[in-house]
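Novice: Sequence:
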Amino acid sequence: MLAVELRDITKSYGWLEVLKNISLQIDQKECFALLGPNGAGKTTLIKVISTLIRPDDGNVFINGVDATEEPSKVKHMFGLVSHHSYLYEELTARENLEFYADIYDTGKERIDSLLREVNLINRDDSLVSTFSRGMSQRLSIARALLHDPEILILDEPTTGLDMNSKRWFFRMIKQKNNEGKTIILTTHSIEEAALLCSRAGIIMQGRLISIKNMDEGMEEEYFRITGEEDEN
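The numbering used here puts the sequence shown at residues 1 to 232.
I should point out that these hints are in silico values taken from the structure, not numbers from a laboratory. All values derive from a computational prediction rather than experimental measurement. From the three backbone atoms N, C-alpha and C, an ideal C-beta is built for every residue, glycine too. Certain hints may be false.
[Stated by the list, open to error] Quick list of in silico lysine-lysine cross-link-like pairs, DSS-like style, CA-CA up to 25 Å:
1) K212 <-> K73
2) K166 <-> K176
3) K166 <-> K29
4) K174 <-> K212
5) K47 <-> K20
[Unchecked claim] Each pair of labels, with its calculated beta carbon distance range:
6) T130 <-> H84: 10 to 20 Å
7) L16 <-> S113: 36 to 46 Å
8) R207 <-> E179: 27 to 37 Å
9) D125 <-> D8: 40 to 50 Å
10) E117 <-> L195: 15 to 25 Å
11) R224 <-> Q25: 22 to 32 Å
12) E220 <-> L127: 27 to 37 Å
Could you put together the complete structure from these sequences and hints?
Specialist: The following block contains the structure:
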């Protein structure tokens, strides 16, 4: 069974067509990268996949369930991490996880183990407002893993992180993929995609214009299509 299937997805904001007839299949346990420059449509597509917004046309299937028609049935299947943390700065790390555990209707027994996994157990009672960018992103990973989802959706997760935090994040993503989770990663860095994922698609001006395995010349294709050079 496919983890994610998109069929002819389109989305517009007023007169601006942001996504143009995108179709895509992502296998279970795969790590798939969505590549493209800023403004290409990556984040909008992630919002459609994660049911945060509804497409104007087309359908999204998560593990065979039509998420476009029945979004409530798929919300437990994925966890979302983006450059926006979705954390409450006036709450502590533990309080944030307790809050989301209630939303996911899941037990709180995983909170301690997740705080240890993201190296924040000694800061569990600290306000998130005191956290560095890297610490906030580590807590965001814990939040996304609370309900043990099958799919992790990562939208530009390393934006604003220093190199040490990026290395930690890469190790965590690889670990979760090795544990059997499907990973969907958006990035404008071909280097990050090559490090983490086996396959990638390139989005330009709202169109998915190329899908290739990373070892089949995707790096050259990305530079040729976008005219960009990797920033890392």
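Novice: State for each hint whether it applies.
Specialist: How the hints compare with the structure:
With a C-alpha separation of about 31 Å, the suggested pairing of K212 with K73 is violated against the 25 Å cut-off. Proximity of K166 to K176 is assessed by CA-CA distance (about 15 Å); at most 25 Å being required, the pair is judged to hold. Annotation: proposed proximity of K166 to K29 holds, straight-line Cα distance about 22 Å (limit 25 Å). With a CA separation close to 20 Å, the supplied pair K174 and K212 stays within the 25 Å bound.
Under the criterion of a C-alpha separation no larger than 25 Å, the hint pairing K47 with K20 is consistent with the structure, at around 15 Å. Here the CB-CB span from T130 to H84 is close to 18 Å, well matched to the stated 10 to 20 Å. For L16 and S113, the hinted distance range of 36 to 46 Å is satisfied, since their beta carbons lie about 44 Å from each other. The hint said 27 to 37 Å for the Cβ distance between R207 and E179, and at roughly 33 Å that hint holds.
The beta-carbon spacing between D125 and D8, approximately 49 Å, falls within the hinted interval of 40 to 50 Å. E117 and L195 have their C-beta atoms about 21 Å apart, which keeps the hinted 15 to 25 Å range intact. The hint said 22 to 32 Å for the Cβ distance between R224 and Q25, and at roughly 24 Å that hint holds. Roughly 47 Å separates the CB atoms of E220 and L127, a value that falls outside the hinted 27 to 37 Å.
Hint violations for this structure: numbers 1, 12, all remaining hints satisfied.
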